[in-house]
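For the record, the sequence lines run as chains A and B.
Our numbering puts the first residue of the first sequence at 1, with every later residue one more than the last.
Our numbering puts the first residue of the second sequence at 32, with every later residue one more than the last.
Incorrect hints may appear among the rest.
Said to hold, decoys possible - Computed cross-link-like contacts, DSBU-like style, restricted to lysine-lysine with a CA-CA straight-line distance of at most 30 Å: (1) B:Lys70 <-> B:Lys164; (2) B:Lys70 <-> B:Lys162; (3) B:Lys70 <-> A:Lys2; (4) B:Lys149 <-> A:Lys2; (5) A:Lys2 <-> B:Lys150; (6) B:Lys121 <-> A:Lys2; (7) B:Lys149 <-> B:Lys70; (8) A:Lys2 <-> B:Lys162.
Note that these hints are calculated values from the structure, not bench results.
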Amino acid sequence: MKPLDSLWGTVITGLVLTLILYVIVRAAIGA
Amino acid sequence: MDWGAFVHYGLVRWLHIGAGVMWIGLLYYFNFVQVAALKAAQADNNAAGITKHVAPRALLFFRWAALVTWLAGATILGNHLFEALFFQQKALVPIGVGAWLGTIMLFNVWALIWPNQKKILGLVQASDEEKGKARRTAFLASRLNVALSIPMLFFMVASGGIFRTALFPIAS
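Take the sequences, apply the hints, and build the full model.
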């Protein structure tokens with residue numbers, strides 16, 4: 001079963017992606 | 032009064048948010064409500080109410096709201112659109128990430144979800160095998176959009192004024 005098959009898996013995927021992108025963007029702009 | 036600024040930053044942003052609420056609201060309706068409701072209705076031999084009367088209407092507003100949201104967002108960015116999308120200014124990187132996520136989501140709506148939903152709902156001819164494949168593709172594209180909507184909304188709300196300076200302080 002893939003994460004996107006369940007709603008919880010989908011929401012957790014979105015939250016993890018948010019955290020990863022936030023860290024990357026902060027590092028990229030030198031914050 | 033600067034009417035150009037009023038239209039650009041007032042009316043167009045209002046439209047962007049209103050259409051965005053409709054787009055993401057219907058996306059969440061499909062994923063949080065309709066998928067499970069359709070399964071239960073099919074078990075009751077009662078799915079036509081949803082597939083014939085609800086889904087086509089919901090998809091109509093869904094796909095056009097997606098396009099209006101994107102166009103209004105691109106209009107707001109105006110001359111800064113390419114700077115944002117290609118991360119050419121530090122202050123525009125957060126909104127650039129949000130814009131990329133929204134662009135990928137718009138692509139999913141028009142290139143994956145809508146063409147496959149047309150097969151599923153019988154709006155275009157398709158064999159049972161094609162319908163099965165279309166169901167899986169549309170489902171995964173829709174779920175991917177739910178996942179992408181979470182960082183997209185974060186970067187959209189975190190890109191303005193005090194929120195951006197608090198969450199993305201730029202070293203001077």
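* Which numbered conditions among the earlier hints are violated in the structure presented, ordered from lowest to highest? -> 6
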